[in-house]
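Novice: Residue numbers (our numbering), protein chains in the order written: chain F, 1 to 324; chain C, 1 to 324.
It is worth saying that the hints were derived from the structure and are not from the lab. Computed from a predicted model, the values in this text were never measured in an experiment. There's no promise every hint is true.
Claimed, not checked - For lysine to any residue, the following SDA-like pairs were computed, each having C-alpha atoms within a straight-line distance of at most 25 Å:
#1 Lys45/F / Leu227/F
#2 Lys154/C / Ser27/F
#3 Lys154/C / Asn261/C
#4 Lys225/F / Asn105/C
#5 Lys154/C / Gly104/F
#6 Lys225/C / Leu269/C
#7 Lys225/C / Arg280/C
#8 Lys162/F / Ala26/C
#9 Lys154/C / Asn105/F
#10 Lys162/F / Lys290/C
#11 Lys162/F / Gly104/C
#12 Lys154/F / Gly104/C
#13 Lys225/F / Glu301/F
#14 Lys162/C / Ala26/F
#15 Lys162/C / Gly104/F
#16 Lys290/C / Gly218/C
#17 Lys162/C / Lys290/C
#18 Lys154/F / Asn105/C
#19 Lys225/C / Glu18/C
#20 Lys45/C / Leu3/C
#21 Lys154/F / Ser27/C
2 protein chains.
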Amino acid sequence: MKLDDIYGPVRDDLRLVESRLLEETASLGEADSGATAQVVNAGGKRLRPALLLMAAKACSYSGERSISLATAVELVHTASLIHDDIIDDASSRRGVPSVNCSAGNALSVLMGDYVYSKVMAIVVEDGDVEILRCVARATGRMVQGELLQIGCLKDATTSEEKYLAIIAGKTAALLSCACRVGAMLREPGNGQVEVLSEYGSNFGMAFQITDDVLDLTGEEERTGKALGSDIREGRLTLPFIRAMSVADSKDRKRMGEAFTNGGAEGAELCRIREMVEHYRGIEYSLDKAKEYSRACREKLEAVDESESRDSLALLADYVVGRIC
Amino acid sequence: MKLDDIYGPVRDDLRLVESRLLEETASLGEADSGATAQVVNAGGKRLRPALLLMAAKACSYSGERSISLATAVELVHTASLIHDDIIDDASSRRGVPSVNCSAGNALSVLMGDYVYSKVMAIVVEDGDVEILRCVARATGRMVQGELLQIGCLKDATTSEEKYLAIIAGKTAALLSCACRVGAMLREPGNGQVEVLSEYGSNFGMAFQITDDVLDLTGEEERTGKALGSDIREGRLTLPFIRAMSVADSKDRKRMGEAFTNGGAEGAELCRIREMVEHYRGIEYSLDKAKEYSRACREKLEAVDESESRDSLALLADYVVGRIC
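Next comes chain F alone, as it looks inside the complex (with noise of 0.2 Å):
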């Protein structure tokens, strides 16, 4: 199944999200060149603003504040990618280059200011303070989360269970204030809020494990970023923690220093994969992305029929099969 399909019945509304995107980020223009704006419009899934759509209509809500409401959550997944793009020194995002790369640390980092701050003014604008501290919140546990990622970098010793909290700041969190928000908005008043933003929550870290994955099994094209750059640029991912962890004395040693080394050199990557295959790492980690996918669905037993319902389940088998 398509992605596009499973977006049906927030299609019409995903539009209109587009478009509001577009309106925040051609104010921009002047200043950076287009760049944010190209960030934007390259696409990327539009899974955040598409997962607070559909929870909204789960709940039945019909009004219009979801479309402002989805543009936020979107612009503020656009700021940490910009900002990302500090942090990784990465030279290209979603195929086109990225803004720290046309236009230097400086612009990159406000650009990305000026978009949290866009963000801001659009949750104040819709005006719900519950709304707001869900934002806030969420923003703040990426930052701890991409902190503790930092912190980690280049440590080949990483547990799995640091491991699960650097993902669940970094991805989760938005993803689960997404679904949340879009719940909020209608506030049933039967407990779907909680239990849309626990599907949130395992939605982003089956994503952000299946992510981890298409680092080493993914074809460059479709991913928009070149094999092992995780590894390379001393990421931890699932698959190689899993594979540390189970790996006889020597093969660790081999692996960790391969890792720290940076995996700079094509030799050490393939060392890498070698032993992540050898190991394992990739069947366990799809098993995991699975387990969370599947609490995703379990998650949704508790939110009344509806075809967003269905949508929401069908993207979280989507969200794991994109390795198959």
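Given the coordinates of chain F, work out where chain C should sit on it, guided by the hints.
Specialist: Just chain C now, with coordinates in the frame of chain F:
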């Protein structure tokens, strides 16, 4: 008169802000090796919280919300300083190593983001959507000012008008916001919110222009930064802009070249200083700063008499008097 004396009516509150600042940044300790706390603790003048507290008191507010909101505006300033250090590639700030120097750009960008998220959390906790709007708008305007500034970097032909727009954003917006939020806490309903907000804008202009002058005339020990560093890094200052606008074409060309070349060489910086002196750029700028300072006093005429109002008046003198 010393700053500490002017701060008299809010001295106790400022102490509470000081501990709250420590608290809010202590949690970052592990992640950034205390670098952010170091920036916060290195002091600075605490103008923003002082203004907020004085404006609140001048409007007869006596509750506790002013403490957390004063902490929030100082944290906006802190976050922007941390990000500025990436922008300026600065090696020190307030006399201690800057975050980006001690921990790298990656950490700086995240620490700044984290501090911004703390700001949002504090203001959301306070719960007043109008105050959130004010802080969000000020943050956006600060970034816009910085973006404008980057667009004019090393452009010796920048007009005074554009310069004023830059500093209205990068400096005056937050100082004005601090005063406005203070006044909003009581909302006396007699226009004092607007009046104090305008006091803050004028204060910001006076403050920044004086800072520009100090870049050429200050003592490095007191300003905490190397003499001429604005010029050297291609940032426009009013004394320079004024001299450019009244210089004869030959001198204008020489100044422009020296500026665009970055004033990196001592000789070029000297040439610029000579020209600024010759064309009386310092005097012109000080006059401007004093005009803004007078406007501050005028605004205060619409505010009821109080110790805090007197302090606001003294502060408007102090800010331009730093020179003499």
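Novice: Indicate, hint by hint, whether the structure satisfies it.
Specialist: Against the structure, the hints come out as follows:
1. Lys45/F / Leu227/F: Distance of about 19 Å is within 25 Å: holds.
2. Lys154/C / Ser27/F: holds, 23 Å
3. Lys154/C / Asn261/C: This hinted pair holds, its Cα atoms lying about 8 Å apart.
4. Lys225/F / Asn105/C: The hint holds at about 22 Å.
5. Lys154/C / Gly104/F: holds, 16 Å
6. Lys225/C / Leu269/C: The given pair, whose Cα atoms are some 15 Å apart, holds under the 25 Å limit.
7. Lys225/C / Arg280/C: Holds - the C-alpha atoms of Arg280/C and Lys225/C are around 23 Å apart, at most 25 Å.
8. Lys162/F / Ala26/C: Holds. Lys162/F to Ala26/C sits at ~21 Å (cutoff 25 Å).
9. Lys154/C / Asn105/F: Holds, at roughly 17 Å.
10. Lys162/F / Lys290/C: violated, 56 Å
11. Lys162/F / Gly104/C: Given pair Lys162/F, Gly104/C holds - Cα atoms ~23 Å apart, limit 25 Å.
12. Lys154/F / Gly104/C: Distance ~16 Å between Lys154/F and Gly104/C Cα, so the pair holds.
13. Lys225/F / Glu301/F: Given that 25 Å is the threshold and the Cα spacing comes to 36 Å, the pair is violated.
14. Lys162/C / Ala26/F: Holds. Lys162/C to Ala26/F sits at ~21 Å (cutoff 25 Å).
15. Lys162/C / Gly104/F: Holds - the C-alpha atoms of Gly104/F and Lys162/C are around 23 Å apart, at most 25 Å.
16. Lys290/C / Gly218/C: OK: Lys290/C and Gly218/C at ~17 Å, within 25 Å.
17. Lys162/C / Lys290/C: With a Cα-Cα distance of about 20 Å, the restraint between Lys162/C and Lys290/C holds, given a limit of 25 Å.
18. Lys154/F / Asn105/C: Within the cut-off at roughly 17 Å; holds.
19. Lys225/C / Glu18/C: holds, 24 Å
20. Lys45/C / Leu3/C: Between Lys45/C and Leu3/C the Cα gap is close to 8 Å, so the pair holds against 25 Å.
21. Lys154/F / Ser27/C: Judged against 25 Å, a Cα distance of about 24 Å means the pair holds.
In summary, the structure is inconsistent with hints 10, 13 from the numbered list given earlier, while agreeing with the others.
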